[in-house]
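Chains as they are written, first to last, in the working numbering: chain G, 13 to 356; chain F, 13 to 104.
Just so you know, the hints here were simulated from the structure itself, not pulled from any lab data.
The structure displayed is predicted, hence computed values, not measured ones.
We put the CB at the ideal spot given by N, CA and C, even for glycine.
Derived lysine-lysine pairs resembling DSBU-like cross-links, with alpha carbons at most 35 Å apart:
1. 137/G with 173/G
2. 174/G with 155/G
3. 14/F with 266/G
4. 334/G with 14/F
5. 14/F with 209/G
6. 126/G with 137/G
7. 173/G with 52/F
Which bits of chain G does chain F cover? Going by a derived footprint, with three or more residues having C-beta under 8 Å, they are:
8. 139-148
9. 175-188
10. 259-267
11. 317-324
12. 328-335
Short, incomplete list of chain G residues facing chain F, as computed with Cβ under 10 Å:
13. 112
14. 118
15. 151
16. 162
17. 164
18. 167
19. 206
20. 314
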Amino acid sequence: MITQQPCCCGGACQPPITVDSRLNWRDRLGFAAMRFGFGRDRYSIEPGLYAAGSPNLESPVLVTANYKMTFDILRSNLTGINAWILVLDTHGINVWCAAGKGTFGTDEIVQKIKQVRLDSVVSHKNIVVPQLGAPGIAAHEVKQQTGFRVNYGPIRADGIKKYLDAGMKATPDMRQFRFPLNDRIALAPLELTVMFKWIILLILFLAGMSGFHASEYSPQHIINTGIPAVIILTAAWIAAGFLITALLPYIPVKMLSLKGMFVGFPLAVLGGIYWENYRFDNAFGMDGLGLMIIGISGYLGLVLTGSMPYTSISGVKIEMRKMLPVIAAIFSLGLTFWTVGRFL
Amino acid sequence: MKLRYLNDELTLRQDSGKCTGCGVCLDVCPHSVWRLEGRKAVIADLAACMECGACAKNCIAGAIYVHSGVGCARAVINGIISGTEPCCDGKC
Numbered sequence: 013m014i015t016q017q018p019c020c021c022g023g024a025c026q027p028p029i030t031v032d033s034r035l036n037w038r039d040r041l042g043f044a045a046m047r048f049g050f051g052r053d054r055y056s057i058e059p060g061l062y063a064a065g066s067p068n069l070e071s072p073v074l075v076t077a078n079y080k081m082t083f084d085i086l087r088s089n090l091t092g093i094n095a096w097i098l099v100l101d102t103h104g105i106n107v108w109c110a111a112g113k114g115t116f117g118t119d120e121i122v123q124k125i126k127q128v129r130l131d132s133v134v135s136h137k138n139i140v141v142p143q144l145g146a147p148g149i150a151a152h153e154v155k156q157q158t159g160f161r162v163n164y165g166p167i168r169a170d171g172i173k174k175y176l177d178a179g180m181k182a183t184p185d186m187r188q189f190r191f192p193l194n195d196r197i198a199l200a201p202l203e204l205t206v207m208f209k210w211i212i213l214l215i216l217f218l219a220g221m222s223g224f225h226a227s228e229y230s231p232q233h234i235i236n237t238g239i240p241a242v243i244i245l246t247a248a249w250i251a252a253g254f255l256i257t258a259l260l261p262y263i264p265v266k267m268l269s270l271k272g273m274f275v276g277f278p279l280a281v282l283g284g285i286y287w288e289n290y291r292f293d294n295a296f297g298m299d300g301l302g303l304m305i306i307g308i309s310g311y312l313g314l315v316l317t318g319s320m321p322y323t324s325i326s327g328v329k330i331e332m333r334k335m336l337p338v339i340a341a342i343f344s345l346g347l348t349f350w351t352v353g354r355f356l
Numbered sequence: 013m014k015l016r017y018l019n020d021e022l023t024l025r026q027d028s029g030k031c032t033g034c035g036v037c038l039d040v041c042p043h044s045v046w047r048l049e050g051r052k053a054v055i056a057d058l059a060a061c062m063e064c065g066a067c068a069k070n071c072i073a074g075a076i077y078v079h080s081g082v083g084c085a086r087a088v089i090n091g092i093i094s095g096t097e098p099c100c101d102g103k104c
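Okay, chain F solo, but in the shape it has when bound (with noise of 0.2 Å):
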């Protein structure tokens, strides 16, 4: 069974014209997003996006945006409460 989360608001983009088909995105993403279509890698299940932004940092044609971050609500409230960026454990 695949397990799906809210994905209304998924912030991956890809600029298709600056894709160079090398597949690094197909490598490092752990949830079969990417699919190489032609000599272009395209979205295929932008729903399965869990954006950790492996595919973006990796690419060399920056061609793959993401607002990546800590998906974690423990840590969205510690950083709301310590008024920093999102943090685990405490180690604000």
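Chain G on its own, in the form it takes in the complex (with noise of 0.2 Å):
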């Protein structure tokens, strides 16, 4: 039962919402449209204080983000615990995200401290952090401002029930990265669709562009060549991306971009031998497709540095500063060929 009544939310003192540890279809349908990114910029909820289950002043408190994801996967985790989940402002974006620019930092936990009274709501000193949010929080300083003292916590949510049971004592197993085949692949469809307007425009480019041949414009020809080259493309770059996620391990290469065109050579070469069977059109336009496909996976395995759990700043700068004249090259030399064999 909740024994006091702590202030959350701006000045106006509210007792806590108590939150479910079940999720419901509505948390679900959310989960699978961040996977896509709809609406992930605004998909978060509002900061300050929340019970799970009945805590009372010896509850431990469990500090997180207010990515509305983040919160349902730790609340998820929270069957037959009663906790305080402190939310802080992180303007709606992920624990490790947050920590990196500082949103989930120091100021920000001293500020939401403060404003929750969160002395008067537990009689205790102690604060869970989720481990991953380390690079945003001095522990000792937020110890010095407040006197609540930090203890990070396991890197997953699922792990949370162990570390509490063990007097919050984390293993080295729950301090380690794991990056299991699930957790790759989910991060597939969102590469896909941040690079979907990109993929639209060539697409456009490509069917209006096959119309040409030789000297002549006809709709036939882009019936002929355009929509087969478009398919290839397409379904090579949705290959490709769960391809790149699926394999990362098992890719004997270091730069995510060649790990990408690792996979998108093979792709590429399939793509050609479908094109040469049915005889959409001459070399040319085989060729090309088939770079393009190359640079294409090149570039997807690029920007999937941002979502590794183990790229650094500094090897990404080697990476673009090597390959991303490289894949600009292949792409470039792939659609001018792609582009002249309409002329031919």
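Join these two chains into a complex; the hints should help.
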């Protein structure tokens, strides 16, 4: 039972909202939408203090971000746990990204602790902060400014029960980044969605240009060569997104863009075989399409650096310096080949 | 299988003289870069560092330096285009 009335949400004193550890269909629909990036920049909840179960003065305080998916994953792991959840205002961004930017940071945590008067909510002086929030939080400064001791919890919310049961002790396994197949595949739709507008532009260009055949222009050529080209390119692009993430640890190169090209090359060959088999067009069209597929796959790999949990900024800079010109050259060459092929 | 990224220009440095051996860097590092040897933390696996900056931020002794930043090519490209710091999702 709530023994005291803590204050949250601005100046007004309101009892904290009690949250359910079960997710409903709308939460799950939200997860799916987020995987494709639909409305991702406004999928947030009100920052402040929440109650899971029936927390009291002795209950643990779990700190998290106000991205709704983050909050939902946390609460879904709190079945049978009575805890306070302190939600920071990270502008709807997850803990890791917000910590990198500093919005999941020392100042915000100090401000929220004071705002909700955490010292009147609990009788102890401990808060649990997810380990991935550490790049934004200076634990010693939080202690100095509020008296609350920051305990770094497990990386994943699914370890929170074990962590609390062990008296806020994390096992080495909880402290290690894991990147299993499920997590990797889940990244593909979003990366593809972000690139979608460029692919649309490319598709429109290819379809439009495919009407040319030597010196004449006819919609029949669009159907005969343009449509197959667009289908091959789109299929290869989607396949590349899933294959790069799925095969990530097994492709024996370090650069993400090279991993992309490793996947792109066989896809380009497959596309080429299909193209030749049905004689959609001349070899310029086939080669151009293949080069574009390799270039696009390389770029897809390059931008995946952003969602990889092991890429350093110094490494990304090396890769961009070396590979961005290569990717641009391969793609441009492909586009040129394909375009030249229209006028032969 | 342990994933490794380009590590030739990693910026993580430690001033061993300042280290008090409190071990907070071992707690916050998601890639087990640090190890306690005697009463000092040492960099045991530099190549695994992703320059997130968690260890440096939490080091009370100020013994750790790392140039941390957004390890994301799209963010860097966005930053170059808009002339700002690297930023994600067009929120420049």
